[in-house]
Amino acid sequence: MITIKDLTFWYSKQNKIFEKLNLELEAGHIYGLLGKNGAGKTTLLKLICGLSFPKSGTVAMDGLIPARRETGFLKDIFLVPEEISLPSLTPEKFADLYGGFYPAFDLAQFREILGKLEVETVQKFTGMSHGQKRKAMIAFALAANTRYLFLDEPTNGMDIPSKAAFRRMLAASFFEEKTIILSTHMVRDLESMIDSVIILENHRIILNQSVDQNLETFFNASINIPDKLSSYSEH
Numbered sequence: 001m002i003t004i005k006d007l008t009f010w011y012s013k014q015n016k017i018f019e020k021l022n023l024e025l026e027a028g029h030i031y032g033l034l035g036k037n038g039a040g041k042t043t044l045l046k047l048i049c050g051l052s053f054p055k056s057g058t059v060a061m062d063g064l065i066p067a068r069r070e071t072g073f074l075k076d077i078f079l080v081p082e083e084i085s086l087p088s089l090t091p092e093k094f095a096d097l098y099g100g101f102y103p104a105f106d107l108a109q110f111r112e113i114l115g116k117l118e119v120e121t122v123q124k125f126t127g128m129s130h131g132q133k134r135k136a137m138i139a140f141a142l143a144a145n146t147r148y149l150f151l152d153e154p155t156n157g158m159d160i161p162s163k164a165a166f167r168r169m170l171a172a173s174f175f176e177e178k179t180i181i182l183s184t185h186m187v188r189d190l191e192s193m194i195d196s197v198i199i200l201e202n203h204r205i206i207l208n209q210s211v212d213q214n215l216e217t218f219f220n221a222s223i224n225i226p227d228k229l230s231s232y233s234e235h
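For the sequence shown, this note's numbering begins at 1 and goes up steadily by one.
It should be emphasised that the hints constitute simulated quantities derived from the structure, not laboratory data. Where is the CB? At the ideal position from N, CA and C, for every residue including glycine. Keep in mind that a hint or two might mislead.
FRET-style restraints, in silico, Cβ to Cβ [to be verified]: (1) 16 <-> 129: 31 to 41 Å; (2) 104 <-> 83: 36 to 46 Å; (3) 126 <-> 5: 41 to 51 Å; (4) 10 <-> 37: 35 to 45 Å; (5) 75 <-> 6: 22 to 32 Å; (6) 16 <-> 67: 14 to 24 Å; (7) 88 <-> 156: 16 to 26 Å; (8) 3 <-> 82: 39 to 49 Å; (9) 75 <-> 163: 26 to 36 Å; (10) 89 <-> 204: 22 to 32 Å; (11) 5 <-> 171: 13 to 23 Å; (12) 208 <-> 163: 21 to 31 Å; (13) 195 <-> 3: 36 to 46 Å; (14) 124 <-> 75: 19 to 29 Å.
Build the full structure now, drawing on both the sequences and the hints.
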């Protein structure tokens with residue numbers, strides 16, 4: 001479980017990103033972290049992963065503190081950020097060097113996902129487009145089989161067939177103890193995958209609720225949600 005209590009964070013005191021934010025996320029769910037650009041989605045993921053540190057309040061994952069970056073924490077999380085920087089390696093060499101950090105990493109699964117996403121295994125990342133790099137890292141993230149997976153704008157740079165393949169691979173890699181957070185403002189790309197919705201607006205959570213229907217119907221049926229939230233389901 002991810003537990004956030006009274007989280008306050010800022011990059012400058014004049015511009016607080018979060019103030020006394022509270023959130024609990026349980027295993028066995030695919031959460032859609034929704035909000036317009038600048039709402040704080042990426043910052044929240046960084047705080048959960050221990051890449052940024054609370055000014056006050058706490059973030060904990062199964063009792064571990066992300067900011068400590070302990071081995072027991074790091075081996076069971078994977079974040080694919082929106083902006084990706086990769087070394088001059090092929091995906092195969094990358095898996096050879098880094099797969100060992102994740103006890104459940106499956107090389108055969110990695111190769112299968114790369115094939116489904118049409119990524120060359122012998123081409124170096126430096127020769128790939130942004131979209132190909134993103135697909136390669138998503139393939140590695142899925143094959144790592146960590147219990148916590150965070151994907152920031154995962155469908156950026158993907159064409160329609162790749163998006164469909166990604167959804168199939170994501171569903172196939174999900175298991176009961178896993179927690180996935182998909183941060184996006186492109187809801188239609190991922191709405192069939194999401195079973196719980198978290199909406200950030202002006203750096204605060206305005207909705208945290210399970211979804212038992214498609215997101216567009218969910219938004220229209222939720223009388224307490226501002227009309228402008230329908231914009232999250234638009235391209």
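Right, here's what the structure says about each hint:
For the pair residue 16 and residue 129, the supplied restraint of 31 to 41 Å holds, since their beta-carbon distance comes to about 37 Å. Between residue 104 and residue 83 the CB atoms are about 26 Å apart, so this pair departs from the stated range of 36 to 46 Å. Checked against the hint of 41 to 51 Å, the pair residue 126 and residue 5 passes, with Cβ atoms roughly 42 Å apart. Range check, residue 10 to residue 37: about 18 Å between beta-carbon atoms, so the 35 to 45 Å window is missed.
Distance hint check: the CB atoms of residue 75 and residue 6 are about 28 Å apart, consistent with the given range 22 to 32 Å. Range check, residue 16 to residue 67: Cβ separation about 19 Å, and the 14 to 24 Å hint holds. At roughly 23 Å, the beta carbons of residue 88 and residue 156 sit within the given window of 16 to 26 Å. Restraint check, residue 3 to residue 82: a C-beta distance of roughly 25 Å breaks the suggested window 39 to 49 Å.
A hinted range of 26 to 36 Å holds for the C-beta pair residue 75 and residue 163, which are about 29 Å apart. At about 40 Å, the CB distance of residue 89 to residue 204 disagrees with the hint of 22 to 32 Å. The hinted window of 13 to 23 Å between residue 5 and residue 171 is violated, with their beta carbons roughly 32 Å apart. The hinted window of 21 to 31 Å between residue 208 and residue 163 holds, with their beta carbons roughly 26 Å apart.
Distance hint check: the CB atoms of residue 195 and residue 3 are about 20 Å apart, inconsistent with the given range 36 to 46 Å. Distance hint check for residue 124 and residue 75: the Cβ-Cβ separation is about 27 Å, which falls inside the suggested range of 19 to 29 Å.
Taken one by one, the earlier hints fail for this structure at numbers 2, 4, 8, 10, 11, 13, listed in ascending order.
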